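S.K.: Sequence:
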Amino acid sequence: MRTDLRFPTLTRRRAALGAGAALAAPGIAAWPLPAARAQQPAAQGGGAAGAVINIETARTNPIPIAIPDMAGATPDAQRIGRDIARVIQNNLRNSGLFRPIEREAFIQTPEAAAATPRFQDWRVIGAQALTTGRVEAAGERLRVEFRLWDVLPEQQLQGTAFTAPLQNWRRIAHLISDVIYERLLGEKGYFDTRVVYVSETGPRDRRTRRLAIMDQDGENHRFLTDGAFAALTPRFHPNSDRVAFMAYQARGEPRVVLLDLGTGRTEVLGSFPGMTLSPRFSPDGRSVVLSAARGGVANIYVVDLASRRERQLTSGGALDVSPCYSPDGTQIVFNSDRGGDQQLYVMDADGGNVRRISFGRGRYATPVWSPRGDLIAFTRFGTGSFAIGVMRPDGSGERILSEGWAMEGPTFAPNGRVLMFYRETPARDARGTGYSARLASIDIAGFNERQIMTPTDATDPAWSPLLS
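Sequence positions in the sequence shown follow mature numbering (1 follows the signal peptide of the UniProt record, and there is no 0) and run -24 to -1, 1 to 444.
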């Protein structure tokens, strides 16, 4: 099986930006700006120590931030500057941790603010933080200067310049959003990322399932497969350049397939007799862990990508499925009915030291380890409803974040602060009772649940690592 559906290759190149920030993107160069005139002497350089606000505080009191359009000397530059500011505003607002101030309240113009911020004009409208910037567009090249200000002490927190191909303006907006998130909250952002998911169309009993990919905000949407076969459970490689997924042909056994996002080419990982489920890459990207059903039982295997040799990790008469590595690669969480009911278990990466961690009411499935290592997300179902929740790796501190008619498949943002999953809802259609499946995201504290817009029904999301 082979496809030629292409997606731009994302290479990794880092550039120090001051204050510990680093950015990388294909064709995008970034470097720190010198201090602006309005900046205090203590803040010389690309960035400065400044306002870091506790995320718990920002959840209850979102940070008021002013994001005026970026200035530009030409109509094209002004349009791009306006578009970049809108993407930044939407990213920060959608996080639930920022409150962008409405533009109608602005007193100083974007052009004047980009030259020298008049901080009293921003204080009077309640802004705690301010962004300013300038765009230069020449042919197919783009230069963007961006500064982040702490309004009360009139201090520059970050200053960065970007050059990039014109078509990468949206990536620049996501990179700037991540810088703002990190400088004000003290943790990595998650805006410069992508989400791969299963696009579903057609009647429920004859669904067409294609792989699709998009930016985390739903833009730059593309289909990766054409629907000639059913695609399920896509998962990103740690380098974000490949996806592993299950392919189900009309005839023949299901296959674990690796898709190169740069070339659009696919290759079959191996031939596994019987049903094969839920492939995931190891944290180092050198192997894939999966579940394979043989002889009426399902066990967990790890397959080395270089040699294609497989090693069995579990055994017995149970159904052991949905394995996921811990971020350091030393442990694996999975769900199993070995105790008589479907529950979550953690074992060492070599298959030893298996222990049960879920003990709540209901059955547990689709576990996924947070990139931070502090939580495991899961689906819980029973008593007529589904729920998405989190618990610590030892099973303590279980919290339900969202409940509903049907929901499943949590995936973490790379900073471990947000979950995405899919939710099904009953819907009336011309044929009678149907249903709709949509992606949703929610903060790990259980607030700011919001729907992610997709052109079709959507299931099985997987969040990429940061692209930078």
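Simulated from the structure, these hints should not be mistaken for laboratory data.
Hints should not be assumed to be uniformly reliable.
Claimed, not checked - With beta-carbon atoms standing in for the labels, derived distance ranges:
| hint | residue 1 | residue 2 | range |
| --- | --- | --- | --- |
| 1 | R35 | R270 | 41 to 49 Å |
| 2 | P141 | R332 | 31 to 39 Å |
| 3 | E78 | D260 | 41 to 49 Å |
| 4 | E243 | P402 | 25 to 33 Å |
Remember, predicted model here, so these are calculated numbers, not experimental data.
Idealized CB from N, CA, C, for every residue including glycine.
S.K.: Cβ-Cβ distance between R35 and R270: within 41 to 49 Å?
M.R.: Given range 41 to 49 Å: holds, Cβ gap about 47 Å.
S.K.: Falls inside 25 to 33 Å, the C-beta gap from E243 to P402?
M.R.: Distance hint for E243, P402 is violated at roughly 39 Å.
S.K.: Could you check the hint for me, namely that P141 and R332 are 31 to 39 Å apart, CB to CB?
M.R.: This hint is violated: roughly 52 Å between Cβ atoms.
S.K.: Does the Cβ-Cβ separation between E78 and D260 fall within 41 to 49 Å?
M.R.: Because 47 Å falls inside the window, the suggested range holds.
Going through the hint list in order, the structure does not satisfy hints 2 and 4.
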